[in-house]
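Model the full structure from these sequences, guided by the hints.
Quick note on my numbering: the sequence shown kicks off at 168 and runs consecutively.
Everything labelled a hint here was simulated from the structure, so no lab data went into it.
None of these values were measured; they are calculated from a predicted model.
Cβ-Cβ distance ranges computed for the label pairs, FRET-style: (1) Arg302 / Glu359: 23 to 31 Å; (2) Gln241 / Arg453: 33 to 41 Å; (3) Asp240 / Ala500: 37 to 45 Å; (4) Ser296 / Gly384: 19 to 27 Å.
Pairs of lysine-lysine residues, derived as BS3-like cross-links and limited to a Cα-Cα distance of at most 25 Å, are as follows: (5) Lys311 / Lys199; (6) Lys511 / Lys350; (7) Lys493 / Lys311; (8) Lys199 / Lys493; (9) Lys335 / Lys465; (10) Lys310 / Lys493; (11) Lys199 / Lys310; (12) Lys335 / Lys493; (13) Lys385 / Lys511; (14) Lys335 / Lys385.
We put the beta carbon where it would ideally sit given N, CA and C, even for glycine.
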Amino acid sequence: MTRTVTRRTVVAAGAALVAGRAAGQPAPPRIKVGQIGVGHAHATKLAAYRASPDYEVVGVVEPDEELRTRAADQPAYRGLRWLTRDQLLGTAGLQAVLVETRVRDLLGHAEACVAAGMHVHIDKPAGESLAHLARVLAVARQKKLLVQLGYMYRYNPAVVLLRDFLRKGWLGDVFEVHAVMSKVVDPAGRRELAAYPGGMMFELGCHVLDLVVGVLGKPAAVAPFNTRTGADGLLDNTLAVLSYPRATATVRSTALEVEGGDRRHLVVCGTAGTFHVQPLDNPAARVALSRDRDGYRKGTQAVTFPRYTRYVADAADMARVIRGEKPTDFPPAHDLAVQDTLLKASGLPG
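Here's what the structure looks like:
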């Protein structure tokens, strides 16, 4: 049996952020947003904000001339104003900033944005210092500002449905979680990533580690098993085992797996069912249940989903939170738990 999850089903499961407004309801004013940095691997997500009816993109900051020149003619940036950080933060009516610098610079810029009264989207992973992230989140909480992290599977429709199953208790007590996030990294990319001692777990595994912590919470203990196969210093074959009082989880990330994108997966096993998402991009799922559950039958069935474009739903959700239409789905306590777990899984100090 194959069940097709429609856009309407995903909305009903908690992703109403992709739903349109009621007919005749006037559109709210666009949220003015800017971006600091183009050096992050996912910086071109700005295109999702430019295409969104929720936002007006006012400009981009990039002090590095080489990066700025390289980015200027990319579709995500074409036609936008290039500003200094002070010019951007001084823009009348600015409400939000995307921080898309190299990882080592993320938190410094995010801290400046929050100090200036801006909501921020910080790309992943959230820097290399747990204390620095905690400071940014504390100031944001005091100022009633949103800090959204750029983990790219949070609003994946399969993950949204998984959260709905967990919320309804359909999987029973979760005792086992597996996640894999791998790809082949070319020599130039390896040299760049080798600058970060956390290796592939820090760079890529963070996306699925965010999901694991979302399912099980902060682990009682984290054991990293991280190795390198090359002479460039990159920890390119990484594994973390997360221990909980009544569950265990494994997270793997490598820079070596041929066609690794097809095998990226998240498996959640509970006493009443198993939810297996694979692949994570263009997601599909297999669900096994111990009994019938509201349209899902006992036994194993395939579930298909509508086409998924990264970051569109994240941008829509950010707009709703900024407008006060809903609370954030990922409060500071979750983001701190993810960062603490990530640093331990990467073999790094907090």
